[in-house]
Amino acid sequence: MRNALGSVDTVLLLGGRSEIGLAIVERLVRDGARRVVLAARGAAGGTPPVIGDAEVHLVDFDAARPETHGEVIETAAKLVGDLDVVIPAFGVLGSQAAYDADPVAAAEAVAVNYGGHVSAGLSAARRLREQGHGTLVVLSSVAGVRVRRANFVYGSAKAGLDGFAQGLGDALHGSGARVMVVRPGFVVGRMTEGMSPAPMSSTPGEVADAVIAGLRSGAETVWVPGRLRWVFAVTRLLPRAIWRRMPR
Amino acid sequence: MTFLTGWGRTAPTPARLTRPRSAEEIAELVRRAPARGVAARGLGRSYGDAAQNAGGLVCDCTGLDTWSIDETTGLVTAGAGVSLHDLMAALVPRGWFVPVTPGTRHVTVGGAVAADVHGKNHHVDSSFGAHLRSLTLVTASGETRTVTPDRSGGDDGGDGGDLFWATVGGMGLTGVITEAVFRCVPIETSRVRVDVERTRDLDQTLETMAATDDRYRYTVAWIDLLARGGRMGRSVLTRGDHAARDELPRGADPLAFNPGPVLKAPPWAPNGLLNPVTVRAFNEAWYAKSRPATGLIQGIAPFFHPLDGVDGWNRVYGSRGFVQYQFAVPFGQEATLRRIVARLSAEGVVSFLTVLKRFGPGTPGMLSFPIPGWTLALDIPAGRRGLARLLRGFDDQVAEAGGRIYLAKDSRTSAATVAAMYPRLDEWRRVRDEVDPAGVFRSDLARRLLL
Chain A
1 MRNALGSVDT VLLLGGRSEI GLAIVERLVR DGARRVVLAA RGAAGGTPPV IGDAEVHLVD
61 FDAARPETHG EVIETAAKLV GDLDVVIPAF GVLGSQAAYD ADPVAAAEAV AVNYGGHVSA
121 GLSAARRLRE QGHGTLVVLS SVAGVRVRRA NFVYGSAKAG LDGFAQGLGD ALHGSGARVM
181 VVRPGFVVGR MTEGMSPAPM SSTPGEVADA VIAGLRSGAE TVWVPGRLRW VFAVTRLLPR
241 AIWRRMPR
Chain B
1 MTFLTGWGRT APTPARLTRP RSAEEIAELV RRAPARGVAA RGLGRSYGDA AQNAGGLVCD
61 CTGLDTWSID ETTGLVTAGA GVSLHDLMAA LVPRGWFVPV TPGTRHVTVG GAVAADVHGK
121 NHHVDSSFGA HLRSLTLVTA SGETRTVTPD RSGGDDGGDG GDLFWATVGG MGLTGVITEA
181 VFRCVPIETS RVRVDVERTR DLDQTLETMA ATDDRYRYTV AWIDLLARGG RMGRSVLTRG
241 DHAARDELPR GADPLAFNPG PVLKAPPWAP NGLLNPVTVR AFNEAWYAKS RPATGLIQGI
301 APFFHPLDGV DGWNRVYGSR GFVQYQFAVP FGQEATLRRI VARLSAEGVV SFLTVLKRFG
361 PGTPGMLSFP IPGWTLALDI PAGRRGLARL LRGFDDQVAE AGGRIYLAKD SRTSAATVAA
421 MYPRLDEWRR VRDEVDPAGV FRSDLARRLL L
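Here the protein sequences come in this chain order: A and B.
Each residue of the first sequence is one higher than the one before, counting from 1 in full-length UniProt numbering.
Each residue of the second sequence is one higher than the one before, counting from 1 in full-length UniProt numbering.
Just chain B, with the same shape it has in the complex (with noise of 0.2 Å):
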């Protein structure tokens, strides 16, 4: 038995952990799955515990690991166990980039089609799901079917449509998935051209970037939640879009891929580092650094990952871990977001990275986060006093306001409060009570939001 988490490092439970290297593995694995059943996991990335199984088995697929791409067309053919960091680190200096990627590279192609991940481009290019061609899964009862976005393809015919959107955004609970197919785009140079800008509260962040936003391919905005008062919600907007090669200096290679040395985070940080005042000090410090200017130019690593530049990072929130706590509401009820704002404003709620991001058009994806509104995502030490409640009270404004929360980073909802954020969850139930009639896939995610 293995304890294992997810990246925030909170509830820890064990399982037997075994590590296939082929979808005949898996199908093996799936057959003979244990009663308490099998979930998959890829590096971990969740925040909260869905790529955990209390008592059952869990499937690392990361040993899923080839791919190829067809470069006439651009069509990647990846393994699920590929992290995004393998495929950009060979195919940026071919001049290829993955439609989407999130604020972190070491995520897998299979974590990125169960979650359904967005990135800094989804008010104008959508969500990993919306770039799927297929996707090949091991479903309950060991089959391997290739399905796809509409209902007329795949190789089972007419249903195809209804398992593909349940699987993106499904949190790996139709089965394990074993292969994805997605078009990567094309990129002249590794390098973004980046504009910055500060606004002096949330009014003018939300205007500017509902006004200005569409310019850019790549947004998002940093929010200093601990400012208060008139600068309540004052952000630092980075925004960009892949450089052309007539954009760099002369003599630069365009598409080099460096993603720079990496720091490793210290091993041990006490409980409470993480506090007012260093917080405050650090957005004090980031708000002033980040100067305004335009047509920086930027390396993918930085501008995308900037905290994959240290290893580990997630350890500096102590033994008691941290959670993520990301909500969506639509356009409209922009005062649900003000209100949430200026509520972890005035309790001082410490949150290391704040980010606020225009969503566009979601997928199809039963389960699926992301839709047309804004997303706020922070990260709250795990020990804080009167956190449950407080997340308890966001969830219910959340949920009036037509939005949801992003399961991929949930570890601490109520199964009401999930079934009250997504209206297709009956829905997508149908799909999988068909495909796994035993429940065979399972997660800890999936027991305490009763999936």
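The following block holds chain A by itself, in its conformation from the complex (with noise of 0.2 Å):
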């Protein structure tokens, strides 16, 4: 349960391994999370990583087969009690050039990035919603705010996932359960190493440090760093002509 002073006790992580993911979970247990579930591709039978004095169960996810999803949203509800927090932070950011040459690549990639997310989505908001409480935290992006030549099917993916998560925050309304949809602009870490890092970069700590101040508060959007949301509610409005324009 979260508490009255907004500590929680458990979070599941879906995309066990992401540094954001991990990061938000570490942050959680300094705040006073006891259990925590980690979901990644061929993660259990492994050694949990340490994260304070929490209890760390490792479960198998696949965010490519969504007909496995609810499966693994009961088994960590079983390993953890209700789940208080449920972050899913799988996704792979590919390059536009790769997948105009392949576009079946492409469309797996947005069968992750947007689908994968539907289906654990969906799936951990109907045991929110019996639950009665706990947050769904959605990883959105900035470049599904507006989407833009550079990356335009990463983007588009991210701005299906946007819209779904703040459909399925409304549709949560009044039942106690809560989506929280968080869209950092560019984030210097794995996903993105060897690229050159966009003005108003954030770092996977920072990322994290907003989601939990916006776990507290109870924000419904996060921007990451805050000062993007008023970028964009200026780029949003650039005319195509010059929104086409944009060098990356």
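A few of these clues could be false.
Stated by the list, open to error - A few chain B residues that face chain A, going by a derived Cβ cut-off under 7 Å, partial list only:
| hint | residue |
| --- | --- |
| 1 | G55 |
| 2 | R291 |
| 3 | R412 |
| 4 | R448 |
In case anyone wonders, no lab produced these hints; they're calculated from the structure.
Nothing here was measured: the structure is a model prediction, and the numbers come from that model.
Just so you know, even glycine gets a beta-carbon here, dropped at the ideal spot from N, CA and C.
These two chains come separately, so use the hints to put the complex back together.
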């Protein structure tokens, strides 16, 4: 249960090796979370990482197999009880050039970045609705706020995910369960290794800090860094003729 | 679905709320309990999440509101939903008083049992559970059982005592309490004869209470937590006894019970209305106003329940609500109490009403809070930065000292902390698991603390 001061007891991380996801989990544990489930491909049977003094469970999870997602949520709830925070943090970036050359790979990436989140998100939502409490943290991206020609396959999947998360949040309104949409800019980390950072980039730790602050305050939307909210309020309005000339 | 919170107005969760009117109706509800379980609720005065049940069923028991008294013995048989306010309004004019009243009259008998509440007379009269003759509860199987404090009594023969003492202080998790029988005390008047003293610091407060508390039936100390340095822990002691008839002015109705006009707190207050500036000003004024006096004659309401004079005072803390932190440490562990008061004073923690009380003997309730020693209770706005860490630090010190925090007031501690503070938790779990093997009785508090 989330307590009066915003600390939680349990966390489920789908995409249990995600840098951002683990950074969030570490902070939740530091703030009092005691039971953690890390779900990732081929995770079961491995040695759980040490995260503070929390009890950590490993569970198999394949983002590309939506038919298994409901069961993963149930397994996690059996292991740790009510799920206070669920973080689907799986995803692939990929380059637009590579997707242009390989449409099948592009479709597979979208299936994970969007489709996987739909099945995982709906499965988690069903559980949270039954519980009458809990927060689904959806890691969207500014790439989906206005899709750019430089990465429109990835961006369009994030656009879909962002819309899905908003709709799901509205659907859960009044149930006690909540959805928090997180929109980071460019995140300097493993996923973006070798790329030159865009302006107003952040680190996985900074994203995690913003998520924690958002969970405490009960925010519906979190931008990282916060000033991207205002930047995108403007860029959303730019004419197409200008937008398509964006260098990246 | 209805969103419910405790008195601190933090962490709301939705539940299906129902208001049964009889034990039979409750039994039927329990037999058809939903997967998320059943929690009992009274007047919602627990500060945290004890009477909430996210996604499940919450039984508002205030419909069990019938009671009777045997005036030859003072034994009261009351439905779980009867409030102490209603009892006092009817009993005081007839010359009877409840054996124990907490700082508010607006609690139900069921809640008083489930939290094993204490009052200003704990040092001589112990807590509510000590005055019970029997309890009736609907257990997980849907049967109605009457249990007594001793092992020989009860309608189930031998093991009555265990279920009784698991229920007293058991936070409603052994079953839905439907009725209680307890002995009231005779009074000559509805007034209290009060002595007021001021102390200059914490040491003098503790010394005075230890030396002279036993001369009074009712005692409490209000601490000015914002006083620092040499004045740290300065207090106002108010101590008294039921006044005798000949102590009242001539012509006064000796047993009149008029709680007085009730002010209404504004429906909304900004977060941060209670801040170091406003609370320091209040504390200064309160300390200055509380002039030493002896033999003051006060009514029951202003003496026992000053906050009941303001309806909805909990809203003054703003939309974020507040947490109440109440702990007890055994005698001999005054150093822990001093350290915590010093830290609160140094941090400038804003607590509107900080109360210190000397506890006497506890009850055999397995999860009952009071132990012989000192208890300190404070209210803190929930939005304060660093509050979680500060209170976790206090938890550790209190557990280390062999003390505990009060479950009826808790809204933020951890399962491990409670396990460290309540040595009889496993014994309580065994009794509970036997009477409710499937975990029908659940609350948000139970989930949070893995009870």
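Taking the numbered hints from earlier one at a time, note which ones the structure violates and give those numbers from smallest to largest. Hint 2 alone not satisfied by this model.
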